[in-house]
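Keeping their order, the protein sequence lines are chains A and B. Taking my numbering, the leading residue of the first sequence gets 1, the next gets one more, and so forth. Taking my numbering, the leading residue of the second sequence gets 1, the next gets one more, and so forth.
Keep in mind the hints are simulated off the structure, nothing from the lab. Take the hints with a grain of salt, since some may be wrong.
Unchecked claim - Covered stretches of chain B (chain A as the covering partner; in silico rule of three or more C-beta atoms under 8 angstroms from a C-beta of chain A):
id : stretch
1  : 25-31
2  : 42-55
3  : 69-82
Unchecked claim - The following label-pair restraints were derived from C-beta to C-beta distances:
id : chain 1 : residue 1 : chain 2 : residue 2 : range
4  : B       : Phe147    : A       : Ala180    : 58 to 68 angstroms
5  : B       : Ile192    : A       : Ala153    : 51 to 61 angstroms
6  : B       : Gly181    : A       : Asp188    : 34 to 44 angstroms
Said to hold, decoys possible - Not the full set, but computed from the structure, chain A residues with beta-carbon under 10 angstroms of chain B:
id : residue
7  : Ile29
8  : Gln31
9  : Leu34
10 : Leu44
11 : His46
12 : Ile55
13 : Pro71
14 : Ser163
15 : Arg165
16 : Asn167
17 : Val171
18 : Ser172
19 : Glu185
These figures come from a predicted structure and were not determined experimentally. For glycine and all other residues, C-beta sits at the position ideal for the given N, C-alpha and C.
Number of protein chains: 2
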Amino acid sequence: MPSLSPSLDKLIDALKRLPGLGPRSASRIAQHLLADEKVQALALAHALEQAVKNIKRCELCNTLTDSELCPICADEARDKTKICVVESPADQQALEETMAYRGRYFVLMGLISPVQGVGAERLHLQKLLNRVQDDRDLKEILIATPFTPEGDATAHFIAKAVSARRNDVRVSRYARGIPAGVELEYTDANTIASAIFGRR
Amino acid sequence: MPSLSPSLDKLIDALKRLPGLGPRSASRIAQHLLADEKVQALALAHALEQAVKNIKRCELCNTLTDSELCPICADEARDKTKICVVESPADQQALEETMAYRGRYFVLMGLISPVQGVGAERLHLQKLLNRVQDDRDLKEILIATPFTPEGDATAHFIAKAVSARRNDVRVSRYARGIPAGVELEYTDANTIASAIFGRR
């Protein structure tokens, strides 16, 4: 069949590279946008360009933010004795929504995964370890990576690396109240809160 | 919680308006693009802008295309005696892939749906009916809308409107029956009944 529209094909192609979208849903989205919602399509293009332009990593905690320091790191009222290590900004947001944790964060933006060739250096762990070494207020690292093989490997690596640098910093992992294999961002607030209070 | 990044929030907001995406998948896609794939994010923004700029409706069949006439309508080798009426360019493509139909098309870009307030005028049906009236080569309209209440209502409306204009144009609808490779026991009663009534 001759292509009806090379521009449509290119748009479907770009959409189906997004995580969680296949060729059918990409084609449905593209047709929806071009048939009825051209304004929405341009708004999405603009939001993409603005986000690419504005978003950087927080200098302290590595999360996605528009400023040098994210609002949480910049907040003087947060508990400076604790750092919670999470996989992603979505996990960080899920924790924030519980209101059970008032310390600071370090956002890995991934997990150690030998299978996918992601090592410690890809996760900017040096940034965390420098902070552990230099920050004399710090008393505790709470590791909130998921209970998956990658999450366990990452937690293990961080615990070992922190202990090697400071023996006065307590390293804990949130309690296994979160079902194994389930991502933090898909868990309800109560379960997350219990896991934080039950940390050992 | 203070927003970590207004640009990220705006992007998630634009993504979650797309059909089939909820807040979780929108947030996952946004973080994927901004953390690792800024080039891909810009490519998507560019594809959206190009598509909005280039895509129009085919003057004859109403499908999405980059030119005045889509490649199928422009193809002199296609059978001019038949028009197949489909809901969307995706349905049109599915039919083309069968190689079982060599006529032309009319693409509704929707279905009549009183519940959603979509009437005949939204579907540019006047364009189809003018074509039925003027095109003396035309001998048959094959209606390929889905077997849903909206698909049935649309088929019924078109059949009535065409018969009112031309009595020498045959109006048919594609056969309802058991799909190839599907077990009878997993097929709904309506479909089985139609397959029995439509036996040859």
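How the hints compare with the structure:
no.	hint	in the structure
1	25-31	holds (count 6)
2	42-55	holds (count 14)
3	69-82	holds (count 4)
4	B:Phe147 with A:Ala180: 58 to 68 angstroms	44 angstroms, violated
5	B:Ile192 with A:Ala153: 51 to 61 angstroms	53 angstroms, holds
6	B:Gly181 with A:Asp188: 34 to 44 angstroms	41 angstroms, holds
7	Ile29	5 angstroms, holds
8	Gln31	6 angstroms, holds
9	Leu34	5 angstroms, holds
10	Leu44	4 angstroms, holds
11	His46	8 angstroms, holds
12	Ile55	5 angstroms, holds
13	Pro71	4 angstroms, holds
14	Ser163	28 angstroms, violated
15	Arg165	27 angstroms, violated
16	Asn167	33 angstroms, violated
17	Val171	25 angstroms, violated
18	Ser172	23 angstroms, violated
19	Glu185	7 angstroms, holds
Of the numbered hints listed earlier, those contradicted by the structure are 4, 14, 15, 16, 17 and 18.
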